[in-house]
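Work the whole structure out from these sequences, hints included.
Chains as they are written, first to last, in the working numbering: chain A, 1 to 369; chain B, 1 to 593; chain C, 1 to 379.
Hint data in this document are derived by calculation from the structure and do not stem from the laboratory.
Glycine included, C-beta positions come from ideal geometry on N, C-alpha and C.
Watch out, some of these pointers could steer you wrong.
[What the hints assert, rightly or not] Here are the simulated distance ranges between beta carbons:
#1 L255(A) / P86(C): 32 to 40 angstroms
#2 L31(A) / S21(C): 39 to 47 angstroms
#3 V329(C) / A191(B): 51 to 59 angstroms
#4 Q157(C) / L255(A): 50 to 58 angstroms
#5 S564(B) / I6(A): 55 to 63 angstroms
#6 Q157(C) / A237(A): 54 to 62 angstroms
#7 N89(C) / T77(A): 33 to 41 angstroms
#8 A66(A) / P86(C): 52 to 60 angstroms
#9 A267(B) / L17(A): 49 to 57 angstroms
#10 G353(B) / S21(C): 25 to 33 angstroms
#11 R289(C) / A465(B): 25 to 33 angstroms
[What the hints assert, rightly or not] Non-contacting residues of chain A with respect to chain B, defined by C-beta distances greater than 12 angstroms in every case (computed):
#12 A7
#13 T77
#14 R82
#15 A84
#16 M160
#17 Q161
#18 T162
#19 Q208
#20 M228
#21 A247
#22 W347
Below, each chain spelled out in residue letters.
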Amino acid sequence: MWQRIIALSIKEFQALLRDPRSRFVIIIPPLLQLLVFSFAATFDLNHVPLAVYNQDGSQAAQALIARFTGSQHFTLTAPIEREADIPQRINEQDALMVLNIGPRFEHHLLVDRPASVQIIIDGRNSNTAAIALGYASTIVQDFNTDWQQDHGLPALPSVMQTRAWFNPNLESRWFIIPGIVGLLMLVVVMVVTALSVAREREQGTFDQLLVTPLRPFEILVAKAIPGMVIGLLEATAIILLAVTVFAVPLHGSLLTLYTGIALFLLSATGVGLMISALSATLQQAVLGVFLFLVPAVILSGFATPIANMPPLVQDLTLINPLRYFMVILRSVFLEGSSFDGLIDQFWPLGVIGLSTLAFAGWLFRNRMH
Amino acid sequence: MSTPPDTEPHELAFAIVAQGLCKSFGKPPKRTDAVSDVSLQVKPGQVTGLIGADAAGKTTLMRLIAGLLTPDSGSLSVLGMDVLSDPLAVQSRVGYMPQHFGLYEDLSVQENLDLYADLQGLPRPERPARYAQLLAMTKLGDFTDRLAGRLSGGMKQKLGLACTLVRPPRLLLLDEPTVGVDPVSRRELWAIVFQLVADEGMSVLLSTAYLDEAERCAQVILLHEGRVLGQGTPASFTEQLQGRVFGARREHGRRRNLQAELSATPAVLDAVIDGDQVRVLLQADTAPPGLPEVIWTAMQPRFEDAFVLRLQSLAPASQASVQTVQLSPAAPAQDDVRPASIIEVRELTRRFGAFTAVDAISFQVERGEIFGLLGANGAGKSTTFRMLCGLLPASSGQLSVAGVDLRRAAARARARIGYMSQKFALYEVLSVAQNLKFFARTYGLSRERQRTRIAWALDEFDLAAYRDSNCGLLPLGFKQRLAMACALMHEPDILFLDEPTSGVDPIERRAFWRRINQLADHGVTIMITTHFLDEAEYCDRLVIMSQGAILAEGSPKAVRAQSSSADKPNPTMEEAFIELISRPAAEAAHAKA
Amino acid sequence: MQKPERGGQRMRLFGLIRKESLQILRDPSSLAIAFLMPVILLFLFGYGVSLDAKLIPVALVADAPDAQSAALFSAFGHSPYFVTHPAANLAMAEDWLLTRKVDAIVHLPSDFSAKLLSTTDQAPVQLIVNGVNANQARLIQGYISSAWQGWLQQRSQSLGQEVHQPVEMAARVWFNPELRSRDYLVPGLIAVIMTLIGALLTALVMAREWERGTLEALMVTPVRINELLLGKLIPYFVLGMGGMALSVAMALWLFDVPLRGSVWTLFLTSSVFLLAALGMGLLISVTARNQFVASLVAIITTFLPAFMLSGFIFDIGSMPDWLQVLTHVVAARYFVVILHTLFLAGDVGSVIWPNTLAMLALALVFLGASRRRIRKNLE
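Now the structure itself:
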């Protein structure tokens with residue numbers, strides 16, 4: 001039995017790796033995408049275009065503006081001369097944010113506090129707007145604290161001290177890159193497994209396989225192996241890149257990480273083979289991959305938290321293997337979670353993997369003709 | 001730039017004139033010359049045949065003439081126009097039917113015709129008359145609403161021809177129109193072509209790998225490996241063979257044994273089974289060799305004889321290798337207590353929805369027999385075949401192969417059969433050696449046996465030179481050899497061959513049959529489907545299927561005898577086939593009346 | 001000479017369009033791609049994708065619980081953003097944070113009340129957030145800080161004190177004052193989904209004709225390459241616009257996204273975008289010539305780039321320069337900006353037209369390249 005499984009697995013590898021086109025598709029895009037997307041996928045804003053409408057020529061106003069320009073988050077664009085220009089600048093996306101300092105800013109600041117500044121922000125992308133507002137309010141608060149100290153004013157009765165665990169500087173890249181590992185692994189495994197049977201069907205070689213002494217179960221196992229092995233190798237390469245090039249910390253143990261990877265590969269392979277067994281033609285297989293891949297990515301918590309989704313959609317994510325893998329990756333990378341702490345993520349992956357593989361096996365036997 | 005298509009200035013001397021035409025594909029290291037230095041002339045108003053084996057360059061030449069490819073060098077004028085400078089003008093006057101005519105299978109017959117009428121700019125008022133004419137000619141009038149995908153192979157081919165002819169072209173190019181078409185449809189296609197030439201004065205260039213069709217052409221151009229080997233009337237090719245072709249017959253023994261014996265005789269250039277005798281081509285100026293009990297009769301030379309002779313003189317090496325066939329040291333069939341009939345089929349039925357593909361057929365195959373399954377497209381051959389191999393469950397009835405039903409039996413039982421599918425399903429990106437190794441491993445051969453069997457296959461099938469090339473790049477003949485080698489890797493008792501020779505040239509086919517004969521002699525049972533009716537003669541027994549039922553069963557001689565009539569006392573297999581196939585239709589028609 | 005030629009061209013084009021339309025109607029899969037997929041995806045993602053944090057689980061720990069700490073904690077309890085979990089001690093709360101039961105801890109040290117009541121010291125409030133999802137963490141930080149400030153305000157008012165920050169920031173968010181993330185995610189999703197659908201629709205059609213040998217038969221008829229491409233493009237364009245209209249309708253009536261620009265501008269810009277998306281699919285199809293490779297390339301080059309590099313979720317301005325340059329070949333990038341503007345701001349010509357022109361340029365490049373490749377590939 002094992003001789004036959006190994007023979008078929010070797011053939012699968014040869015078929016994947018000897019064809020320059022499929023070799024290219026399997027190796028180059030994942031690595032390229034890791035590089036491109038890792039740089040692209042960040043919620044941290046840099047160089048937000050800021051236009052200042054400064055009606056007060058005072059030193060205090062200049063000091064406040066200097067705090068904005070001193071931050072890497074903002075870049076000044078041409079100053080605004082008339083209030084009437086503000087709508088146009090925002091509308092045309094010339095500036096994302098306008099800082100409007102009133103004519104008696106310094107006077108108010110020195111004599112009758114509070115001095116108020118107005119911030120106008122383009123809310124078309126509400127997430128960007130919220131983040132930029134956050135930056136602005138931090139800057140204003142820092143300005144306040146320093147001003148109070150410098151002028152001997154009474155401080156607030158309370159102070160807030162913030163610490164962020166696992167990611168002290170709140171770099172969103174640390175959050176995104178482990179997610180990309182999962183994303184790319186899923187794509188590679190799906191491409192390798194989901195199209196393999198349909199391709200053989202179309203080339204007529206599947207019949208040839210079925211008249212050999214191979215059993216359906218052996219075909220299933222042999223078709224699962226290349227996806228798992230290639231997925232494992234690529235995962236390792238991507239993790240190495242994440243740690244070395246992008247300096248994402250890897251706090252947890254490799255054993256925990258690879259347990260998660262193995263279980264995830266099992267479930268992704270299961271889904272892939274299920275699609276493979278269900279589709280009679282290549283086109284159907286491709287459509288199946290799409291129909292699984294797109295929701296699996298969006299509903300995995302990769303970019304937007306699952307907790308924000310409506311309850312029904314949250315329930316739906318429970319059958320998405322990528323959802324669990326996202327948690328595992330991030331926990332192991334950033335939190336250094338222990339093996340025991342992730343049991344709750346491991347077992348659903350195992351269940352998904354076994355049930356999809358069993359279903360694929362059943363389909364193999366019953367849809368052979 | 002565009003002249004009205006119907007006003008030809010003067011009658012042309014030649015429909016096509018090519019001078020020193022060359023065309024190659026690929027980049028320098030792997031460059032192959034598909035057509036090299038071809039010069040030819042095609043006369044208008046007659047059928048010219050472009051004859052050549054697979055990969056002879058027929059399709060490339062057709063595409064060059066149709067303006068679909070640009071020649072590397074040389075000049076080409078079609079209907080007096082230069083193809084290079086104005087392909088569109090040529091295309092508006094030429095009808096071209098590619099080998100796999102691209103019918104839109106999800107469109108109906110009528111919709112396909114409409115599309116081509118639009119594309120060829122046939123004015124609307126002229127359409128009804130033209131459609132009626134074409135549908136009458138192709139006998140598709142009753143099927144205008146049927147989706148093209150649901151037509152039989154022959155009907156598809158006729159529809160393709162009708163689409164090409166929507167606007168009557170001055171020159172018709174047909175690229176292997178009869179490949180994969182059953183003999184009845186082949187005859188109909190030819191009738192249409194002759195009618196076109198007679199009624200409309202059309203010039204036709206037709207390529208084919210069927211050598212018997214060459215004799216129906218007014219002119220023949222013989223193409224081999226991209227070069228023109230000769231051009232002339234079919235008779236001019238066979239003239240020189242007068243007095244060199246004989247039929248040999250022996251009262252006792254199998255014909256294939258006699259054939260093998262004759263082939264080994266130095267004076268014999270070619271020996272094939274033909275009806276009850278063996279057809280022999282002798283060396284020039286040689287008398288028939290004296291063999292015991294052999295009766296010789298002189299026969300008319302055929303085009304195939306001329307073709308084989310020319311090809312053999314070009315490639316003597318491949319001929320030699322086949323002569324020295326050595327089978328593996330496998331013991332000839334263990335003659336133990338098992339029943340003599342190794343395949344048994346009783347009341348076998350397969351339905352797809354309401355459609356009955358195979359309708360309660362029964363037959364038996366004996367050990368060491370070559371058993372043929374013949375029939376038109378859609379007769380149910382492939383369905384039967386797939387059920388026997390366990391690829392398809394039967395709807396009802398019983399079947400056993402080597403005592404078991406392969407669909408239910410343990411996987412081990414499948415190790416006793418070898419299977420070679422249509423189109424030679426091989427892993428195209430794997431090398432020859434990797435394909436062999438894969439099958440050797442899958443069948444669980446020991447490491448030592450793997451080595452010896454692979455060495456055997458490379459040697460026996462002359463594949464050593466291609467050992468490391470991707471098998472997708474092999475010429476078709478070699479693909480066929482490799483597919484057969486893979487099927488024989490584990491020395492099966494029973495070999496299933498599904499149209500193993502389609503598209504393969506006559507020389508390869510001869511080698512193939514020689515191997516099959518030897519396998520049968522060693523006790524291997526062989527089950528084969530084929531389109532080539534002359535190959536039916538190689539079978540020990542055969543069944544002819546039509547519409548899911550068996551029309552005739554028995555030895556080739558018996559089958560032929562079933563259809564012999566007063567006006568045709570000695571029908572050929574093809575004639576017998578057509579006669580048998582048209583019978584039930586006639587009966588059904590009578591029954592209705 | 002000219003007239004019959006033009007008539008022939010119209011006849012050929014008409015014939016090809018009718019053929020393609022019949023094929024579309026007979027093959028449910030392209031209809032499903034055009035109409036069913038956008039509905040399902042938009043439905044799923046419109047409801048599924050949200051960046052607004054609600055009901056954030058927060059652990060509250062006071063080392064020395066008393067009236068002061070209770071007053072602060074009640075401020076959190078009243079906020080709609082939080083679900084509060086009082087913890088007995090810090091260790092317990094930290095354990096909750098580790099096991100992802102809570103996303104943040106608000107911790108009041110034992111000297112909190114004493115320092116709050118003194119005039120010299122500032123009472124410390126410790127906030128510990130789980131920083132794994134940095135974006136989320138920032139949001140949580142902002143919400144907690146504003147709840148805390150509300151408490152301060154209330155407290156000083158009740159004590160009759162005037163506590164003023166030196167500078168107060170008044171923020172006004174235009175176009176989307178409540179910062180509903182759905183209002184910008186849904187238009188962005190339309191761009192992503194239509195990229196996918198446009199490319200999927202055409203990616204396989206040419207490859208299919210190559211594989212089935214139908215192209216060779218077409219080629220030898222007097223048909224021109226341009227007619228062939230138009231014959232493909234027009235039916236799928238109509239189909240794609242149908243899917244687009246469906247998506248817009250869902251955005252307006254299901255997700256209540258306002259449409260502040262004109263329908264005509266939307267129609268025009270969508271047409272240009274769809275041309276680019278179809279053109280990309282066509283180019284893939286023509287280049288690959290085989291359905292397997294075409295589909296792989298389509299998977300790799302459409303969905304993830306449109307998702308990541310279009311500015312749909314991740315801000316393009318914050319990417320490294322080389323990557324910003326790269327995003328210019330992603331048609332969705334322009335369409336996301338246009339849709340955001342059209343839906344939330346209005347017909348802002350200076351945003352819409354340059355982006356439309358860029359899409360048009362991309363469409364022309366893709367279609368032109370397809371046209372050239374078909375010619376060459378005849379070889």
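Item to check | Non-interface claim for W347(A), where every Cβ of chain B lies beyond 12 angstroms | outcome: 34 angstroms, holds
Next on the checklist: Just want to verify: R82(A) was marked as not at the interface with chain B; is every Cβ pair farther apart than 12 angstroms?
Outcome noted: Its Cβ never comes within 12 angstroms of chain B, the nearest being 63 angstroms, so this holds.
Checklist entry - Between Q157(C) and L255(A), does the beta-carbon spacing fit 50 to 58 angstroms? => result Check passed, 56 angstroms falls within 50 to 58 angstroms.
Item to check | Status of the given 55 to 63 angstroms range, CB of I6(A) versus CB of S564(B) | outcome: 57 angstroms, holds
Checklist entry - For M160(A), is the shortest beta carbon distance to chain B beyond 12 angstroms? => result 63 angstroms, holds
Checklist entry - With d taken as the least Cβ-Cβ distance between A7(A) and chain B, does d exceed 12 angstroms? => result Violated, since 3 angstroms does not exceed 12 angstroms.
Checklist entry - Hey, does T77(A) actually stay past 12 angstroms from chain B on C-beta? => result Non-interface label on T77(A) holds, nearest chain B Cβ at 53 angstroms vs cutoff 12 angstroms.
Next on the checklist: If I take the minimum Cβ distance from A247(A) to any residue of chain B, is it greater than 12 angstroms?
Outcome noted: 39 angstroms, holds
Checklist entry - Within 32 to 40 angstroms or not, the Cβ separation of L255(A) and P86(C)? => result 36 angstroms, holds
Checklist entry - Can we trust that A84(A) is non-interface, i.e. its beta-carbon lies farther than 12 angstroms from all of chain B? => result 60 angstroms, holds
Checklist entry - Does the hinted range 54 to 62 angstroms hold for Q157(C) and A237(A) at CB? => result The hint (54 to 62 angstroms, Cβ to Cβ) holds, given that Q157(C) and A237(A) are roughly 60 angstroms apart.
Checklist entry - So the hint says 52 to 60 angstroms: do the beta-carbon atoms of A66(A) and P86(C) match that? => result Roughly 43 angstroms apart at Cβ, these two residues miss the hinted range, so it is violated.
Comparing the model with each numbered hint stated earlier shows that hints 7, 8, 12 and 19 do not hold.
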